[in-house]
Amino acid sequence: MNHLSRRDALWFLAATTGVVALNQLRPLRSVHAAPGTNPPLFLWLTMSGGWDQMLVLDPRDNTDLKFRSKGEDNRPGTADAPNGSGIRPGYHLIVDKDTKAVLAATKDTGVQKAGNLTFGPAVPPSLLEHATRLSIVRGLDMNTVAHEVGMRYTLTGKFPRGSAASGSSVATMVASTTGNGLLLPHVVLGGAETYNEGLAPFASGTRTSPTSLRSLLEPLYPVIGPENGGEAALAEYEAAAATCEETRENRDMLPTRMRQMNKQMRDLLRADKAAEFDFASKTPSPAVKDLLTRFGIVTNTDIAGPKGRMAAAAKLFESGFSSSASVVLQNDLDDHSDWHEEHATKLRAGLDALGDLIKFLVETKDKDNESLWSRTTLMLSSEFSRTPLINAREGRDHHITNSVLIAGPGIRSNVVFGATSDNGLQKQKIDFATGRPSESGSYVRPTDVVATLLSSMNVPLTPIENQNPKLLTALLKK
Amino acid sequence: MKTSKQFSKQFSKQHLLPALCTFWFVTAGCKSESAPVEPTRNPPTLTTESVGEVMPGNHSPVDAPPSRIRSRRLSAEQWRRAYPVVLGNDSAGRPIAWPNLETAMFKDALGEPDYLTTTEEALEPNVVYAKYANDAAHHGCRLALDADLTRSGMARVIARYASFEDTVASNPAAIDANLVYLKKRFHGVTAAKGDPTRILPLQKLFTDGAASSRETTTAKKNKDGWMLVCIGLLTSPEFNAY
Numbered sequence: 004m005n006h007l008s009r010r011d012a013l014w015f016l017a018a019t020t021g022v023v024a025l026n027q028l029r030p031l032r033s034v035h036a037a038p039g040t041n042p043p044l045f046l047w048l049t050m051s052g053g054w055d056q057m058l059v060l061d062p063r064d065n066t067d068l069k070f071r072s073k074g075e076d077n078r079p080g081t082a083d084a085p086n087g088s089g090i091r092p093g094y095h096l097i098v099d100k101d102t103k104a105v106l107a108a109t110k111d112t113g114v115q116k117a118g119n120l121t122f123g124p125a126v127p128p129s130l131l132e133h134a135t136r137l138s139i140v141r142g143l144d145m146n147t148v149a150h151e152v153g154m155r156y157t158l159t160g161k162f163p164r165g166s167a168a169s170g171s172s173v174a175t176m177v178a179s180t181t182g183n184g185l186l187l188p189h190v191v192l193g194g195a196e197t198y199n200e201g202l203a204p205f206a207s208g209t210r211t212s213p214t215s216l217r218s219l220l221e222p223l224y225p226v227i228g229p230e231n232g233g234e235a236a237l238a239e240y241e242a243a244a245a246t247c248e249e250t251r252e253n254r255d256m257l258p259t260r261m262r263q264m265n266k267q268m269r270d271l272l273r274a275d276k277a278a279e280f281d282f283a284s285k286t287p288s289p290a291v292k293d294l295l296t297r298f299g300i301v302t303n304t305d306i307a308g309p310k311g312r313m314a315a316a317a318k319l320f321e322s323g324f325s326s327s328a329s330v331v332l333q334n335d336l337d338d339h340s341d342w343h344e345e346h347a348t349k350l351r352a353g354l355d356a357l358g359d360l361i362k363f364l365v366e367t368k369d370k371d372n373e374s375l376w377s378r379t380t381l382m383l384s385s386e387f388s389r390t391p392l393i394n395a396r397e398g399r400d401h402h403i404t405n406s407v408l409i410a411g412p413g414i415r416s417n418v419v420f421g422a423t424s425d426n427g428l429q430k431q432k433i434d435f436a437t438g439r440p441s442e443s444g445s446y447v448r449p450t451d452v453v454a455t456l457l458s459s460m461n462v463p464l465t466p467i468e469n470q471n472p473k474l475l476t477a478l479l480k481k
Numbered sequence: 007m008k009t010s011k012q013f014s015k016q017f018s019k020q021h022l023l024p025a026l027c028t029f030w031f032v033t034a035g036c037k038s039e040s041a042p043v044e045p046t047r048n049p050p051t052l053t054t055e056s057v058g059e060v061m062p063g064n065h066s067p068v069d070a071p072p073s074r075i076r077s078r079r080l081s082a083e084q085w086r087r088a089y090p091v092v093l094g095n096d097s098a099g100r101p102i103a104w105p106n107l108e109t110a111m112f113k114d115a116l117g118e119p120d121y122l123t124t125t126e127e128a129l130e131p132n133v134v135y136a137k138y139a140n141d142a143a144h145h146g147c148r149l150a151l152d153a154d155l156t157r158s159g160m161a162r163v164i165a166r167y168a169s170f171e172d173t174v175a176s177n178p179a180a181i182d183a184n185l186v187y188l189k190k191r192f193h194g195v196t197a198a199k200g201d202p203t204r205i206l207p208l209q210k211l212f213t214d215g216a217a218s219s220r221e222t223t224t225a226k227k228n229k230d231g232w233m234l235v236c237i238g239l240l241t242s243p244e245f246n247a248y
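Just so you know, the protein sequences line up as chains W and X, in that order.
Numbering-wise (the working numbering), the first sequence opens with residue 4 and increments by one.
Numbering-wise (the working numbering), the second sequence opens with residue 7 and increments by one.
Chain W with its partners taken away, still in its complex shape:
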């Protein structure tokens, strides 16, 4: 009997490894994209700069003595908190009139209760209205206080390599299984980053903005020939077989992806829908006018800001152009100084636009007479949070423990999962089956949140498998 030599064994090992690796690189098998059906929708949202989670998803009672300075005189800059709690909500220091109104309405606690959830004073009524459709994950271990690293961690569900993103955007992963055949499967708004590492080319994010959407949907210069005859000839040329040079350069499929993008682009132009996205028009169509009204858009600044971004996402979902969106909901939250002046205002503006979007999705029916919301999964976070104490410059610095707002048809709503401690807003070990703190539990990571959302949508976890994701089972519908 011939024995297997070491060389044979190594060849066998290399070959099987190669097969497995190639399998991993293959675009994910579509689990949703049956032609003609309404695809699941996915929204990845971030508040850029690092938000104060006590103002939004993880509040503390502002009247509780353990969170007040000794002989609280309400002066900002009193960095030290008493009684060893290491937490100072400081809601009463905020100058914003809406926050003051919330304090008045909540007997100065600043904690707003809606359903089973509690929110901070920067959450507007337009979002509170939908609280029972949402869930909160608290005590998220970001493992970083660097802006890019934290943002890319939540963006991909994989901890970055150094500061470089690792893997694909979550919205790309979703689009690769839900967006095949759509004109703009994954749209990227507000300057969000987008990555595609080995997934189907069509799922790559399309970076645009509410103001530039129109320029994306119509030719900027006259085309040749009546009825786009010239464009049809170009499309035919672009679809022709690859030449030798292109094949040589096609090691990582870049030319193939470019050809696919060219085809998508010509399909977009042929759809002739630019007028429906002309938000800045002086004479908008009735449909655009209605959309602008629903999102409270009046000025060009509104169009470029959170309202415009959410309106654009709404329209792209409604029109069936997109099934996935990555959006920077609000910018410029990195308030190391003068936190009390604008931080709450900016958070409220972003969350107000999100509330309007949820309302739009709830009220808008698809062709099967189901609401768009019934197939929308969303994730809202920030790259990290802000320190629970106020610094000497009346600001808050970077804090490693974070929270995230999630929702989806496969996600249990009206649930709080996880917690932070009453001592320095520290992360806590959580029992993933109950969502409650437990010494035998684990810390919750962005990877776990992303895995839970993907799993709830039946999107394969293959791209993040090497992060050992653990599902937040208490949040998954049975």
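Because the hints were derived from the structure by calculation, they are not lab data.
In this text the structure is predicted, and so the values were computed from the model without any measurement.
Where hints are given, some of them may not hold.
Below, in silico cross-link-like pairs of lysine-lysine (DSBU-like), each with a Cα-Cα straight-line distance of 30 angstroms or less [to be verified]:
| id | chain 1 | residue 1 | chain 2 | residue 2 |
| --- | --- | --- | --- | --- |
| 1 | W | Lys432 | W | Lys116 |
| 2 | W | Lys276 | W | Lys266 |
| 3 | X | Lys199 | W | Lys481 |
| 4 | W | Lys266 | X | Lys226 |
| 5 | X | Lys210 | X | Lys226 |
| 6 | W | Lys276 | W | Lys368 |
| 7 | W | Lys266 | X | Lys199 |
| 8 | W | Lys292 | W | Lys362 |
| 9 | W | Lys69 | W | Lys110 |
| 10 | X | Lys113 | W | Lys292 |
| 11 | W | Lys276 | X | Lys199 |
| 12 | X | Lys190 | W | Lys266 |
| 13 | W | Lys370 | W | Lys473 |
| 14 | X | Lys190 | W | Lys69 |
| 15 | W | Lys480 | X | Lys113 |
| 16 | W | Lys285 | X | Lys113 |
| 17 | W | Lys285 | W | Lys368 |
| 18 | W | Lys266 | W | Lys370 |
| 19 | W | Lys116 | W | Lys100 |
| 20 | W | Lys100 | W | Lys69 |
Facing chain X, according to a computed beta carbon distance under 10 angstroms, are these residues of chain W, among others [claimed, not checked]:
| id | residue |
| --- | --- |
| 21 | Ala108 |
| 22 | His189 |
| 23 | Ser218 |
| 24 | Leu220 |
| 25 | Tyr240 |
| 26 | Ala243 |
| 27 | Met261 |
| 28 | Leu479 |
Idealized CB from N, CA, C, for every residue including glycine.
Following the hints, put chain X in place on chain W, whose structure we already have.
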């Protein structure tokens, strides 16, 4: 098979003395170099000889680059610099560029960092890039062809080896020669006349462009044909990836 111990033992026996000698000579040589050296007063002269006009890239085939090198999409800056080189000057003598590339909206859409909110270049090929590459090509090619109409022969950039009256039916050799020239100018690829994968698709594009033109004269129809060829070359992955 020799073990490392055996090898080092053998090495020390066989090579230690020569190695020490070599080291001694080198060291001695180093010492002697420290002596002052007379500076050269008469620098060497260079004699050049004209070999006539040389076509760029006209060399024998080279091996494919190592497979570890990844293909990349053109950055906005590369695009900005490539356009005037490929398309030349407009009829007023200004280098042809896409003015939109200088606005913040388009810079952002094409992934150019603003160094305020982002510091990294986004080079993912996406629909936005394809769309604006198409727009820029329409803009640039029209300027180049308008300029060609005011020039003749080798001063032209697009229709250099064919006149605007030439068609595939009336002068196939001129059309073919011009397509071979354009393929080299835009993609740096030397193609043979009538090459089925590199030239014939472009020839069809020229014919289709002229046929679908709204224009009424042959020259203007053919101008539209060359316009499509120019756009097709500029939106091709062979121009946009490297």
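query: Can you list which hints this structure breaks, lowest number first?
result: As far as the earlier hints go, 3, 11, 13, 14, 15, 21, 28 are violated by this structure, in ascending order.
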